[in-house]
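Chains A and B, in that order, are what the protein sequence lines are.
Take this note's numbering: the last position of the first sequence gets the number 126, and nothing is skipped along the way.
Take this note's numbering: the last position of the second sequence gets the number 394, and nothing is skipped along the way.
I should point out that these hints are in silico values taken from the structure, not numbers from a laboratory.
Take these hints with a grain of salt, some might be off.
[As the list claims (entries may be wrong)] With a Cα cut of at most 20 Å, we get these calculated EDC-like pairs of lysine to aspartate or glutamate:
1) Lys24(A) x Glu125(A)
2) Lys292(B) x Glu125(A)
3) Lys33(A) x Asp300(B)
4) Lys48(A) x Asp326(B)
5) Lys60(B) x Asp88(B)
6) Lys48(A) x Glu30(B)
7) Lys12(A) x Glu334(B)
8) Lys60(B) x Glu80(B)
9) Lys86(A) x Glu125(A)
10) Lys15(A) x Asp300(B)
11) Lys393(B) x Glu219(B)
12) Lys263(B) x Asp40(A)
13) Lys75(B) x Asp54(B)
14) Lys52(A) x Asp301(B)
15) Lys374(B) x Asp38(B)
16) Lys74(B) x Glu30(B)
17) Lys47(A) x Asp88(B)
18) Lys29(A) x Glu30(B)
19) Lys34(A) x Glu89(A)
20) Lys343(B) x Glu354(B)
21) Lys52(A) x Asp38(B)
22) Lys75(B) x Glu30(B)
23) Lys33(A) x Asp270(B)
24) Lys341(B) x Glu89(A)
25) Lys75(B) x Asp88(B)
26) Lys28(B) x Asp54(B)
27) Lys47(A) x Asp38(B)
28) Lys33(A) x Asp77(A)
29) Lys85(A) x Asp40(A)
30) Lys24(A) x Glu14(B)
[Stated by the list, open to error] To be clear about the criterion: a stretch of chain B counts as covered by chain A if any three or more of its residues have a C-beta under 8 Å from a C-beta of chain A, and this derived list gives those stretches:
31) 57–65
32) 133–145
[Claimed, not checked] Label-pair restraints from in silico Cβ distances:
33) Glu75(A) x Lys393(B): 23 to 31 Å
34) Thr19(A) x Asn223(B): 40 to 48 Å
35) Asn114(A) x Tyr247(B): 39 to 47 Å
Glycine is no exception: its CB is placed at the ideal position from the N, C-alpha and C atoms.
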Amino acid sequence: MKLITHNMLTSKILKNVVTGYPLKIHAVKAELKKADFQPDFIARMIKKIDYKTLYQAAETLGYAEGMPKTEILNEEDMNNEETLKKLHEVLLEIEVIEGDLECPETGRKFPINNGIPNMLVNEEEL
Amino acid sequence: MNKYYFTHGRGLYEFAKNELDILALSLKNESNFSYKVDVCDYIEGKLLFETNLDLKNLLKLTTIERLFFSIIFKKFDNCEISSKTILDNITESLDLNPSDKRFMFVLDNYNEKKDEILENNSKKFRNVIKYRIDCKLTGKWRSNSDLKTKIIDCITNNLSQHNFEVDLSSPNFVISCHLSEIALVLGIPVTNLPLSFRNTIKNIGLRSTICSAMIQLSEILENYDNILILDPFCGKSTILCEMMHQYKDRKNIFYLCSDCDSKQIDFSVDNCNAIKNSENLISDFICSNLFKNSKFPFKDDIFDLIITDLPFGKNHPVKFFQNQQDFYVTILSEFNRLVNKSKGFCVLLVNSKEMSILEHTLSQKENEWFLISKYLVSLGETSAYLTKISRSKS
């Protein structure tokens, strides 16, 4: 699971959960897999994501150093190549291989095995 | 200008023709050379065209089945054509010159052991070139085995003059002949395997030509704003793989695949890992399911495009739904929540038996989607509609 995917995931599917976001990451194993850096792509992508959540996720995994410590990125950050490179690494290169995602409201855990988050739910949980 | 014809799967005519035009246009833009494609004739499933595009580029076509050098492409004006006229036609047109450059290219592409064969071109002319004839008679000619034998003899006699020899087991090329009530078509397939066979995709879920037509319908190539794509019923992710296969230079896409079956996700990961240059498209996978009126585990309003082969038949997630109607109501509502409100849309492959359910669901008051286009395509044993839905009618 890449952190861009984590940024989109919620546990709002579960009964009585109001926002279910962001899911807490408990990583047992994470890896860095190199991907081509595309500044335009990152600059546009960053507008679509929740930066605060991305920062927290990176911090949990020990990769936040070098990221702007802010809630929302400003124009200057988005034009800074070094920042974009860092965001590229955090969004697309870090992969959580083993661990789980935890619903912030109910504590329900969704396992991550072989890099695939298992978000399957039972009908009783809805 | 050379004449070729291609065969295509049922329902893919528009897509194949369009792809050919786009190819000519894009090469023209790249090189400033005036590439032309003129459509000469069409019979169901086969399109004859004339072009100055080279074969290397024509082999890039992704929505066609096979590409042939055209030797004869003759439509019959009246059905009362005689066997003699047919044989005369073959004799008149079958002028296959082994020094023809196009023909050399066939040998080059057709043979797995091409290096061995092409090691020395001059040597090749001294060698016998082996071929096989695939002759198919349909319609009223179907059981006319006498005519079939005559056609084969006629071709063989003509080719024996050029040092060509029939070899059924390991031919260097094949002559394909199809006689139907409406036409006589004779050509040489340019490649040994159909173009639709992509050896880059390890575990095939959906036909590559159908995937390619879906990608064409999604206009991903033309629209650089589409960067977040979801396939919520990805199966073996053949659509994603097809995209990786085609758009090696296109990098600004993040493609998320989801399926309720973890085994299918394993196939997906395996497929993606098997494609070289897979870093060109960034993808990720999750396992998730959907019940009646439930939700996918994603935030609202994030995807630019949903592209998917909707499950049906034995693959239908019936265990999660009472009936298909519930399924369509739930997914349309979910797609509405997930897809970018301003310009997002969905490209769906819908089983032909379920198209009426989709259209009925689209006609309901609470639905916000409009049907933009639908194309009936063949999936082999079943058929399906390639469908585009959007929230504005244009």
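Hint-by-hint comparison with the structure:
Simply put, Lys24(A) and Glu125(A) have alpha-carbon atoms about 19 Å apart, close enough for the 20 Å limit, and the pair holds. Under the criterion of a C-alpha separation no larger than 20 Å, the hint pairing Lys292(B) with Glu125(A) is consistent with the structure, at around 13 Å. Proximity of Lys33(A) to Asp300(B) is assessed by CA-CA distance (about 28 Å); at most 20 Å being required, the pair is judged violated. Our distance criterion of 20 Å between C-alpha atoms is broken by Lys48(A) and Asp326(B), whose separation comes to about 31 Å.
Restraint check for Lys60(B) and Asp88(B): not satisfied, since their Cα atoms lie roughly 35 Å apart, outside the 20 Å limit. For a cut-off of 20 Å, the pair hint linking Lys48(A) to Glu30(B) is broken: about 33 Å separates their Cα positions. Straight-line distance between C-alpha atoms of Lys12(A) and Glu334(B) comes to about 13 Å, which keeps the hinted pair within the 20 Å bound. Proposed proximity of Lys60(B) and Glu80(B) is contradicted: the alpha carbons are some 39 Å apart, above 20 Å.
Annotation: proposed proximity of Lys86(A) to Glu125(A) is violated, straight-line Cα distance about 38 Å (limit 20 Å). At roughly 17 Å between alpha-carbon atoms, Lys15(A) and Asp300(B) fall within 20 Å of each other, so this suggested pair holds. Restraint check: the Cα-Cα separation between Lys393(B) and Glu219(B) comes to about 16 Å, which is no more than 20 Å; the hinted pair holds. Taken as a hint, the Lys263(B) and Asp40(A) pair is broken in the structure, with Cα atoms around 35 Å apart against an allowance of 20 Å.
Under the criterion of a C-alpha separation no larger than 20 Å, the hint pairing Lys75(B) with Asp54(B) is inconsistent with the structure, at around 26 Å. At most 20 Å may separate the alpha-carbon atoms for a hinted pair to count; Lys52(A) and Asp301(B) meet this at roughly 18 Å. With a C-alpha separation of about 26 Å, the suggested pair Lys374(B) and Asp38(B) falls outside the 20 Å cut-off, and the hint is violated. For the proposed pair Lys74(B) and Glu30(B), the alpha carbon gap of about 35 Å is over 20 Å, so the pair is violated.
Proximity of Lys47(A) to Asp88(B) is assessed by CA-CA distance (about 68 Å); at most 20 Å being required, the pair is judged violated. For the hint linking Lys29(A) to Glu30(B), the alpha-carbon distance of about 46 Å lies beyond 20 Å, and the restraint is violated. Between Lys34(A) and Glu89(A) the CA atoms are separated by roughly 8 Å; this keeps the pair inside 20 Å, and the hint holds. With a CA separation close to 26 Å, the supplied pair Lys343(B) and Glu354(B) exceeds the 20 Å bound.
Taking the CA atoms of Lys52(A) and Asp38(B), the gap is about 56 Å. The hint is violated against a cut of 20 Å. Of the supplied pair hints, the one linking Lys75(B) and Glu30(B) is violated, its CA atoms being roughly 36 Å apart against a limit of 20 Å. As the CA atoms of Lys33(A) and Asp270(B) are separated by approximately 16 Å, the hinted pair is consistent with the 20 Å bound. With a C-alpha separation of about 29 Å, the suggested pair Lys341(B) and Glu89(A) falls outside the 20 Å cut-off, and the hint is violated.
Of the pairs offered as hints, the one joining Lys75(B) and Asp88(B) holds, with about 15 Å between alpha carbons and a cut-off of 20 Å not exceeded. Between Lys28(B) and Asp54(B), the direct Cα distance comes to roughly 12 Å. Compliance with the 20 Å bound is thereby established for this hinted pair. Our distance criterion of 20 Å between C-alpha atoms is broken by Lys47(A) and Asp38(B), whose separation comes to about 45 Å. Proposed proximity of Lys33(A) and Asp77(A) is contradicted: the alpha carbons are some 24 Å apart, above 20 Å.
Restraint check: the Cα-Cα separation between Lys85(A) and Asp40(A) comes to about 11 Å, which is no more than 20 Å; the hinted pair holds. The suggested pairing of Lys24(A) with Glu14(B) is violated, with an alpha-carbon distance near 48 Å, which exceeds 20 Å. Coverage of the stretch 57–65 of chain B by chain A is violated [criterion: at least 3 residues with CB-CB distance below 8 Å; count 0]. Counting residues of the stretch 133–145 of chain B whose CB falls under 8 Å from any CB of chain A gives 0; the rule of at least 3 is not met.
Our hint of 23 to 31 Å for Glu75(A) and Lys393(B) is violated, since their Cβ atoms are close to 36 Å apart. Thr19(A) and Asn223(B) have their C-beta atoms about 31 Å apart, which leaves the hinted 40 to 48 Å range violated. Between Asn114(A) and Tyr247(B) the beta carbons are some 27 Å apart, a value that contradicts the proposed interval 39 to 47 Å.
Violated hints for the displayed structure, listed by number in ascending order: 3, 4, 5, 6, 8, 9, 12, 13, 15, 16, 17, 18, 20, 21, 22, 24, 27, 28, 30, 31, 32, 33, 34 and 35.
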